[in-house]
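Colleague: Chains as they are written, first to last, in this note's numbering: chain A, 1 to 116; chain B, 1001 to 1361.
Because the hints were derived from the structure by calculation, they are not lab data. Just so it is clear, the structure is predicted and the values come from calculations on it, not from any experiment. Where a beta carbon is used, it is the ideal one built from N, C-alpha and C, also for glycine. Don't take every hint at face value.
Stated by the list, open to error - Once the Cα atoms are required to be at most 30 Å apart in a straight line, the calculated DSSO-like pairs of lysine-lysine come out as: (1) K4/A with K1044/B; (2) K33/A with K1134/B; (3) K4/A with K1020/B; (4) K1107/B with K38/A; (5) K1003/B with K102/A; (6) K1134/B with K1003/B.
What the hints assert, rightly or not - Here are a few chain A residues that sit away from chain B, every Cβ distance over 10 Å (derived from the structure): (7) M1; (8) V6; (9) R20; (10) M22; (11) R26; (12) K29; (13) Y30; (14) Y52; (15) N70; (16) E80; (17) T82; (18) D93; (19) F107; (20) E110; (21) E113; (22) R116.
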Amino acid sequence: MELKQVYEQLSGSYESVMSRLMTEERVKKYLLKFLDQKMDCLILSALEAEDYETAFREAHNLKGVCANLNLDRLQISASELTEALRGGKPEADITPLVEAVKADYRFTVEALENLR
Amino acid sequence: MEKNALLIVDDMEINRDILKDIFEEQYVLYEAEDGEEAIAQLEKHNGEVALMFLDLQMPRKNGLEVLKYMNEKALINQIPVIMITGEATVESDVKAYELGAADIIYKPFAPSVVIRRTLNIIELYEHRISLEKKLEKRTAQLRISQEKLEKNNDFLINALSSVVEFRSLESGEHIKRVKTFTGIMLHNLRILYPEYRITDEQMKAMINASALHDIGKISIPDEILLKPDKLTKEEFEVMKTHTTKGCELLEKFKQEENEFYKYCYDICRHHHERYDGKGYPDGLTGEDIPICAQIVSIVDVYDALVSKRVYKTPFAVEEAERMILSGECGTFSPRIIECFEMAKPELFALTEGRFSFADAL
């Protein structure tokens, strides 16, 4: 599938990512790397271990990478989780936020798999 | 060494890759995936790194800790740091700037902007560093020329003051001793009475000025200046004018607002004043006598006592001290006496050592 179609499927901004990163080749390279990194697992295992510092950093990283690659939908849910985890153990129940990240992550990965 | 490398510090490989792709053609690129690695890279490539991109949130050591390290090692002024951060939070931005970050760039960023800002910052730092180096060099040159000037100055003052001494058929050592003893006394005065607030520079000027204390003797006729016997009352009155005559001489070259001139003048005029007002030429009393003149007057008396003169043999140092303390040579301020007592060991050692036979030549 073409890169542009993948972005349409993701409702991410193809124009924006291309204006910054310039070539499709580069964007694809970064996206494939993103696929290999399994960043969701890193967040989830940290949460399971109640290591909130690491969970925050990993959520923060996910948010940053999504911003760079214009994976806009996942960036929003990652950003919300990041804020909930800022400052250590969250007071409120973060389950819905975690579920949202999981769902958006799955949705994003499915679309990106079409690039292979 | 030319700085042609960038150090990219980020725990996310994709973020590093994006920066690498931007700069790989112009720069050698070093990477670090956490703070500790960044520090290791800095230690290894310190001289090569033209700029560092630094992520804030990282495992092991975070971005702020890396900045702290760079402050400790004084690297922060040598290597510009651009923080790359996911979001603008005022506190961390302020902290980063406080710790010396050159700039902060937020994700996602446009490469063209990053390139422009990076090149600008590198240029700015290079320019600043080269200016600092130039300034350092210039300062060093200035220091050298100032030292030269001071040396020439010393030479001229010594030459000038020895003219008088040669006329008095003395050896020229008196001036050297007066300068040395004045320095010792001033050193002790500063310890005992810091309220005089004498700076290092002022002390140096006073020591130099002390060399000219008898410059007015140039105007005293030979038959009085060189007379081996006791002077008559009239002759002594003429001799006393060496203080005011010296000032007349100096006034021809008067320099307003010049401390050195003022010390020369004060010492020349008042080095025969006494604390109780019984000295000359003005009969000043107490602290009205400038402190530099008070010091030179006791030093002058002490040196006259322990030196051989045409009309007398030298006294032993203990005898000289007794005469000064008993007031036989006029009254000095209690503070000056206190300084003299404190300076005594050093003065005595010099008198009996290095300077002892100077006037026997």
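Colleague: Decide, hint by hint, whether the structure agrees.
Modeller: Hint by hint, here is what the structure shows:
{"no.": "1", "hint": "K4/A with K1044/B", "verdict": "violated (43 Å)"}
{"no.": "2", "hint": "K33/A with K1134/B", "verdict": "violated (48 Å)"}
{"no.": "3", "hint": "K4/A with K1020/B", "verdict": "holds (24 Å)"}
{"no.": "4", "hint": "K1107/B with K38/A", "verdict": "holds (21 Å)"}
{"no.": "5", "hint": "K1003/B with K102/A", "verdict": "violated (45 Å)"}
{"no.": "6", "hint": "K1134/B with K1003/B", "verdict": "holds (18 Å)"}
{"no.": "7", "hint": "M1", "verdict": "holds (21 Å)"}
{"no.": "8", "hint": "V6", "verdict": "holds (17 Å)"}
{"no.": "9", "hint": "R20", "verdict": "violated (5 Å)"}
{"no.": "10", "hint": "M22", "verdict": "violated (7 Å)"}
{"no.": "11", "hint": "R26", "verdict": "violated (6 Å)"}
{"no.": "12", "hint": "K29", "verdict": "violated (7 Å)"}
{"no.": "13", "hint": "Y30", "verdict": "violated (5 Å)"}
{"no.": "14", "hint": "Y52", "verdict": "holds (13 Å)"}
{"no.": "15", "hint": "N70", "verdict": "violated (7 Å)"}
{"no.": "16", "hint": "E80", "verdict": "holds (12 Å)"}
{"no.": "17", "hint": "T82", "verdict": "violated (8 Å)"}
{"no.": "18", "hint": "D93", "verdict": "holds (24 Å)"}
{"no.": "19", "hint": "F107", "verdict": "holds (19 Å)"}
{"no.": "20", "hint": "E110", "verdict": "holds (19 Å)"}
{"no.": "21", "hint": "E113", "verdict": "holds (17 Å)"}
{"no.": "22", "hint": "R116", "verdict": "holds (17 Å)"}
Hints 1, 2, 5, 9, 10, 11, 12, 13, 15 and 17 from the list above are not met by this structure, while the remaining hints are.
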